[in-house]
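Chains as they are written, first to last, in our numbering: chain P, 59 to 383; chain C, 121 to 612.
The reader is advised that the hints may include incorrect statements.
Claimed, not checked - Which stretches of chain C does chain P cover? Using the computed rule of at least three CB atoms under 8 Å from a CB of chain P, they are: (1) 259 to 272; (2) 299 to 309; (3) 463 to 476.
Calculated from the structure, these hints are not laboratory results. All C-beta atoms, glycine included, are put in the ideal place defined by N, C-alpha and C.
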Amino acid sequence: MLGRLAGAVVAACSILLGASPTLAKPDKTECIVGAKPGGGFDLTCRLLGGTLQAANLIDRPMSYTYMEGGVGATAYNHIIGTRPGDPGAIVAVSTGSALLLAQKKFGAHDENAVRWVGALGAEFGSVIVAPDSPHKTLKDLVEGIKANPSEFSVAGGGAVGSQDWMKAALIFRAAGQDPKKMRYIALEGGGPVVTNILGGHVKIGSSDIAEFLPHHKSGKVRVLAVMSSERLTGDAKDIPTAKEQGYDILWTVWRGLYIGPKVSDADYNWWVEIVEKLSKTPEFRKEQESRGLYPFPSFGKTFADHVKADVARFKVLAQEAGLIK
Amino acid sequence: MSLDYLWTGFAVALTPGNLLFALAGCFLGTLIGALPAIGPINGIALMLPIAYTMKLPPESCMILLAAIYYGAEYGGRISSILINVPGDAGAVMTAVDGYPLARQGRGAEALTMSALSSFVGGILAVIGLTFFAPLLGLFAVKFGPAEYVALMVFAFATLASMVGAEPVKTIIGCLIGLLLTTIGLDPTSGAYRFTFDQPEMHDGLEFIIIVIGLFSISEILLMLEHKITGTLKPIPIGKGFPSWSDIKACWWPTIRSSVSGFIIGVLPGTGASVASAVAYTTEKRLLDKGTFGKGDMRGLAAPEAANNAAAGGAFVPMLTLGVPGSGTTAVMLGALLLYNITPGPQLFTEKPEIAGGLIASMYIGNIMLLIMNIPMVRIFVKMLQVPSTWLIPTILLLSILGVYTAYSSVMSVLLMIGIGVFGWALRKLGFDMAPIILGFVLGKVLETNLRNALALSGGEISILFQSTISNMFWAMAVLIVLIPWWLSRRAK
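With the hints as extra help, turn the sequences into a complete structure.
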């Protein structure tokens, strides 16, 4: 009660004083997680809510709503259909959602239907083989695939057309092969990918670097490449990128946020500024790193352009792979 | 083999909060087991959304749910012995000798003896689980898609030949589960099936909704059909403690039944009810000189040891392979998946707080249960007399609250009620609900792995018969169907 009163007073004061004409601060904030607790969307929302609160950028704790369904599709349709103008409701989103948008698996709306706020960080795709594999570099692997494509079975943590499938498809394409002919098994998440490499059931594992790094360090698997544009820092600093091995294979898994299409410019600008400001605080950097995310500064229009460019790129990839017509 | 995970587990299980969850689970489990209306699967199904909404950490949630499961195997015997109505499916055989004992005025002895044999069965199973699960975990890496297909076929064969009196209805139940599991994202191609373009349906039917609908709502409807006839009248317990000669006579039947119960529990698809039936018939064949069925302590000890051992054994494939050993562990597997935790060989090394915490809590829980079920058993006997005019609204309220808080949508509640009515109709026709839920859970594993195996081989079906492990499961699948048929033919 007191908190609500205080919030109302603060809101009233800011209106009276006209502190900032283009910025409006929503009275209460809610982060919508388009999945079960514990996944990447949940991580995004908790990173946002926790650090905003710690930095005193919001007055009341952010609340979290779980709205499971179709890698965020339920949440996307909910925001557009039911709460398009709610200034306090922000939704977690990732590259996976962009991929589904490109494949028209996100319902009736396209990537222009919401307002893209910004990114909180990124992970990167990665590819592994067994530690006793004769393929020591990405070049070895690509040459091997060229010579005998049907020998190279792949395991990934998602169905055909998912991010893990796309990453493997990029490698097969680099070897001049048709990704459609790839022998690919779909598993649930990165853990089973490692298990299938350990058991020798597949030759190649495809997932994110954070998933593979602990197993790489303990020698259970060998990471051949990370799909980032530059070398990563920290534990992953010795792992070569695909780019430096001569292949133009990039896979950035950004984690970001959007709000409803009818939210006012003032509220939209508030969110963009606050997220940008937040991402520069040392506390945020620390929290980001502890969650296995790398910095990915992209806010407001830059971020919106990035998302739209990704969707366009994924459309081309999906078309080439025969996933959409 | 390292038992480090167990020490980590004890550190987790011995925190005050988790001790409290184990205690609460044991108490609720005994009560749920004792009440004839609801069994462990309903109890867990009701508690799961509540635990999940309370944002319990996964290990605490598992400790609570598991304690309800094995607690119910203790509690089931109380109503079997005192009112000749089994409290849950695993306690059906307990009534055969337990009720006559109570009528002879030896109710107290029977309750104590069965609690002791439950404890022995429970503890032996946890010891088995402690050593066997990580061993199987090492072995589980060898399980690729083809091996999983063979294992699933074996599971379905076991289910069809051992569960339920009518195999055809069991098979139809499985098929209904298989059909329901095809709704939502196609796990291999990523296409949406039967979703009618509704994003809410993209991930398929929610597990909790199906479980609560099938088990709780249909149970309520069944209970409503019967006239409310006041309270149940248990036979007075009396006084007394089993004699030393009784305990000695029950020793070997208890050990034998614990071992066979554990093994049957480990087999995917079968659980406590099959284990206790097998244990009882085995002991009857070995020992009966006309006393079984008329109040023989050994006929009471055997099924009680077996159903508790089976409850422990059912965790082995669930934790190491992600394949539930029984209907109740299928619900627990669903709980782990809700937390985004995929069980498998890595569970013991990467999440020792969950696998270890769960197993360690089972040692503690069995000791708690022994105390609850011998000196404190009279409390539960009192609670048996709760009239159904209280019980039915409570269950209904918990079901609706649970589903609504977990998904915050009225649609989910309506869907749950619809599924409940469907389940009630099936139960009226003599169908068992457990095969449906097992079909739902195992079906996804079977489909994904079959398609993955065929993707690996480029469509060659021979990949399913290439490894020793798969061939062993194929052989076992054939045997488990043929042996009962051959036995029944020989008996004629």
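Outcome of the hint check:
1. 259 to 272: holds (count 6)
2. 299 to 309: holds (count 5)
3. 463 to 476: holds (count 4)
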